[in-house]
Amino acid sequence: MTTKRFHLDRTETSPQIDLDLDNGVMEFVGRSLPHNSEQFYSRVYRWLEEYLEAPREETTVNMRLDYLDTSSSKHLYNIFQKLDAVNERGQHVLVNWHFETGDEEMAETGKDYESLFRLDFKFVEVQDLF
Amino acid sequence: MADLLDRVHDLYDELEKHRVMLSFKGGLSPELITVLLGLIERKLDGIEPDARARKRVFNVVVECLQNLFHHNGHLRASTEGVERTDEPHGVVMIARTDKGYSVLTGNFMRGSDVSQLKSHLDRINSLDAEALREWYRAKLSDGQYSQVGGGGLGMIDIARRSGGKLEYAFVPYDKDNAFFSLNVNVNT
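Protein sequences appear in the order of chains E and Y. Numbers 18 to 147, taken from the working numbering, label the letters of the first sequence in order. Numbers 1075 to 1262, taken from the working numbering, label the letters of the second sequence in order.
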């Protein structure tokens, strides 16, 4: 059986995004300041909706972002909101929020999201994000 | 000819005196904004040893350029007052200061929009860091999107990163239009 996954390459203005539907792992790597964030994230919403039709018992989200503009931050909010609904149904969602050593602002950005949902956030300080 | 050459020298002196790292005036496109961000990021890499400071300055520049692009009257000064432009039009300047960096932007806007923007800026300036965080979180989760997607978060984010007060001016230009200038100091 081939595994089902979605993938977007990292660019100068948008993150690499992977969604492994079989293993329930979603990953964001890079920075997010696409000019048209609506258009960029609409693809991610479609994937996520497909996954959320039959989510795994355990979903892991790995965030390895070094920069997020405010327009992207609204879309990340929407993504966490969809995951929060799954979590509320009893299927556990874990968010590993990675940030570079000393980057308190990026940690704070993660805390902003943590404060708005009942999702399980784990903060991971790393030397290199990617 | 000599006059023009003198002006180049004056321009050089002026940019040097104000420790300008990058300045641009003209039409803006998404591609150009990406180029300007790349330039400023490279310059910051060369002169600012503190990674956190580099990032805060970069954050402010990103949001300022996006504001300049999206909240823009599409107007430029001409001999007859202002004229319509196809692309958003404005000016941006990033300079060193004794305490850090200064990010300046300017553009024409409709005079009728001034009071709304002014009250937004005044409200931001009246809040401390904790209150700004609360407001940011409330806005993040309110489900509202402006037509450009940020949903009013940009200016609050700029103030949070800057850590200081936003300095601004509105200069009436003609009966319909005003020039908006914004200075964001990022102290490092």
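Simulated from the structure, these hints should not be mistaken for lab results. Treat each hint with caution, since some may be false.
[What the hints assert, rightly or not] Stretches of chain Y that chain E covers, calculated by requiring three or more beta carbons in the stretch to come under 8 angstroms of a beta carbon on chain E: (1) 1099-1108; (2) 1190-1198; (3) 1208-1215.
[Claimed, not checked] Mimicking PhoX-like on lysine-lysine, the simulated pairs with C-alpha atoms at most 20 angstroms apart in a straight line are: (4) Y:K1239 with Y:K1192; (5) E:K128 with Y:K1239; (6) Y:K1213 with E:K128; (7) E:K99 with E:K139; (8) Y:K1117 with Y:K1091; (9) E:K128 with E:K139; (10) Y:K1249 with Y:K1239; (11) E:K99 with Y:K1213; (12) Y:K1249 with Y:K1192.
[Claimed, not checked] Here are the simulated distance ranges between beta carbons: (13) E:R135 with Y:E1154: 52 to 62 angstroms; (14) Y:K1091 with E:N79: 32 to 42 angstroms; (15) Y:E1115 with E:N113: 37 to 47 angstroms; (16) Y:L1078 with E:N79: 50 to 60 angstroms; (17) Y:A1243 with E:D129: 29 to 39 angstroms; (18) E:N79 with Y:E1154: 52 to 62 angstroms; (19) E:R63 with Y:L1113: 48 to 58 angstroms; (20) Y:E1115 with E:E70: 52 to 62 angstroms; (21) E:E121 with Y:S1152: 24 to 34 angstroms; (22) Y:T1171 with E:F140: 25 to 35 angstroms; (23) Y:E1204 with E:K139: 20 to 30 angstroms; (24) Y:D1196 with E:S132: 25 to 35 angstroms; (25) Y:K1173 with E:Y62: 18 to 28 angstroms.
Source: prediction; values computed, not measured. Using N, Cα and C, we set each Cβ at its ideal position, and we do this for glycine too.
**Request:** Taking the numbered hints from earlier one at a time, note which ones the structure violates and give those numbers from smallest to largest.
**Result:** Going through the list in order, the structure violates hints 2, 5, 10, 14, 15, 19, 20, 21 and 25 and respects the others.
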